[in-house]
Amino acid sequence: MNRKKTSWLVTTFLILGSLLILFPLYLTITIAFKTPPEMAGNLLALPKSWSFDNFAKAIEMTNFFNAFKNSAFVTIFVVIFTVLTNSLVSYAIARNLHKKFYKFLYFYFLSAMFIPFPIIMLPLVKQTSSWGMDNLVGLIILYIVFNLSFNVFIYIGYIRAIPVELEEAAIMDGASTWGVFWKVIFPLLAPMNATVAIITSLGAWNDFMLPLVLLSDREMATLPLVQYIFQGQFSTDYNLAFASYLMALAPMIIVYIFAQKWIISGVMKGSIK
Amino acid sequence: MKKKNSVFLIITIPAFLLFFIFHSYPALQGIFYSFTDWKGYGDWNFVGLKNYLNVFKDGRAGDAYLFTFKFAIVSTILVNIISLLVAIGLNSKIKFHKTLRAIYFLPYILSILIVGFIFNFIFAHFLPQIGDAFGWEFLTRNILGNPDLAWIGIVIVAVWQAVSFNTILYLAGLVTISEDLYEAASIDGAGVWTKFWKITFPLIAPFFTINMVLSLKNFLMVFDQIVALTGGGPGKSTESISLLIYRGGFEGGEFAYQSANAVIYFIVIIVFSIIQLKFLNKREVEN
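Protein chains in written order, with this note's numbering: chain C, 1 to 273; chain W, 1 to 287.
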């Protein structure tokens, strides 16, 4: 690798391409700070003054902090319980794959990956609303359950690579199955837990369709759903709309700036399984 | 030993029941109601295969399928070509490697819906402004407002976002290829093109297969981008199958009818995936 010379041609092409990715974000940030009269001029120009008026208005209009609270609540609970429960279920299946029932379970969860959500959407919404689950708690439960399908798949591959001898040693020392899992296996799963946590949090934070069909109360709307609900009211006040979009995107972007190395490698690990 | 078995059952049985109740049971209900005339409320009767026959005769459903196929196939091909190129670029010796990789992956972490809203503005206001300034006629009108061109706008946004994930997957494959292989090929006088087709492509073929299947499946389910960009319009020109099921099922009182549509849609997705896997696996073997 080191013997090769740096390719400036490739670097240049990649930089030009990266501008295509950064450009919509540049536009979002500048428009969020502009005033409506400025929109008539050159859209590429920087704002004349960096005022936070649009943000203040958007926070009030969309009740931003409420939506942020909803999104954070859902994401945090989904991530914690997905990692704890899905890893446990995967462990139970992985260690018993030679038995019929567990083998069936493995393929059962796996096959669900091929069923697109719109297919179960209509009956699911009927069912959950009649059971009083058309709220954030219902949303959290559904995410955790649905996540099983993909997570069982990636956890089991990893658990099968952990030598059984480790567990046997712990059992000799008097540990129960629970003890073995939480004290021996769960810590060894740390890299996979991180991967699952990252993919799960991105999914829960950015999802639009499930909150759209499930939640009946506007007060419960998550950040993406709020942007959809207020689309009509933003109307042609693009400065207000973009301030609202930027605030909805910002938490993830900030996390990404600090943790991009882990996020990229986490997603990479999950996808090559 | 007996105690150990019961612990594993205590763990897996609730998981199985929950999954059945919230995933399989709704799916089975959907299949059941697809043979009835239920509106989503009130009484219902069995109608046999009537819903299925009607879906095949329904022009709106037909258009939704055609649009979704066209969108999904074009997007899948574009995403895979572009992400493979970007991944090869990121894998070669370049400056700012870490920063560029972080930028190319950025779209993956953003909400598709909000990205769609931002692009909606770009198509409606920014591109026409550029068109006016440079006198480029084709840019002066919003393409999302043109029934023949609106789908291209949706492809652009979908590709913009999906390239990030596919690039990472290709990159994961590319880093496993040893540099020695290329050096040996260079000594034998192989050019860039030969090296790509004889070394790179065969070695990342499994990643190519996964990427093609996953992207096609995701694009066949397109929903968020369309809600944000066109809402299915102009007219019904960009109404995807997911959007049609959502609209008809929740707003149009067509619960049973759209359930039949969903079953057909499911079969289509399975058939597409199997065909793709067969075809791409064959290629892998030949290479």
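A few of these clues could be false.
To be verified - Covered, in the sense of this in silico footprint (three residues per stretch, anywhere, with C-beta under 8 Å from a C-beta of chain W), are these stretches of chain C:
(1) 56-63
(2) 71-81
(3) 153-165
(4) 246-254
What the hints assert, rightly or not - Derived DEER-like restraints, expressed as beta-carbon distance ranges:
(5) Pro-37/C to Ile-274/W: 29 to 35 Å
(6) Asn-135/C to Leu-149/W: 40 to 46 Å
(7) Lys-100/C to Val-271/W: 27 to 33 Å
(8) Arg-160/C to Val-271/W: 27 to 33 Å
(9) Asp-53/C to Asp-63/W: 43 to 49 Å
(10) Phe-138/W to Lys-103/C: 54 to 60 Å
(11) Arg-218/C to Ile-152/W: 52 to 58 Å
(12) Asp-132/W to Ala-56/C: 31 to 37 Å
By construction, these hints were calculated from the structure, which means they are not laboratory data. C-beta atoms are modelled at their ideal positions from N, C-alpha and C, and glycine is treated no differently.
These are the hints, each one checked on the structure:
For a cut-off of 8 Å, the count of residues in the stretch 56-63 of chain C with a CB near a CB of chain W stands at 0, and the three-residue condition is violated. Counting residues of the stretch 71-81 of chain C whose beta-carbon sits less than 8 Å from any beta-carbon of chain W gives 0, not enough to reach three: the coverage restraint is violated. Figure legend: the stretch 153-165 of chain C, annotated as covered by chain W; annotation inconsistent (0 residues with Cβ-Cβ distances under 8 Å, at least 3 required). Coverage of a stretch by a chain is defined here by at least three residues with a beta carbon nearer than 8 Å to that chain's beta carbons; for the stretch 246-254 of chain C and chain W the count is 4, and the condition holds.
Our hint of 29 to 35 Å for Pro-37/C and Ile-274/W is violated, since their Cβ atoms are close to 57 Å apart. Distance hint for Asn-135/C and Leu-149/W: a CB-CB separation of about 41 Å, consistent with the stated range 40 to 46 Å. A C-beta distance of roughly 29 Å is found between Lys-100/C and Val-271/W, which places it inside the suggested range of 27 to 33 Å. Here the CB-CB span from Arg-160/C to Val-271/W is close to 31 Å, well matched to the stated 27 to 33 Å.
For Asp-53/C paired with Asp-63/W, a C-beta distance near 44 Å keeps the hint of 43 to 49 Å intact. The supplied range of 54 to 60 Å is met by Phe-138/W and Lys-103/C, whose beta-carbon atoms lie about 58 Å from each other. At roughly 34 Å, the beta carbons of Arg-218/C and Ile-152/W sit outside the given window of 52 to 58 Å. For Asp-132/W and Ala-56/C, the hinted distance range of 31 to 37 Å is satisfied, since their beta carbons lie about 33 Å from each other.
The earlier numbered hints that this structure contradicts are 1, 2, 3, 5 and 11.
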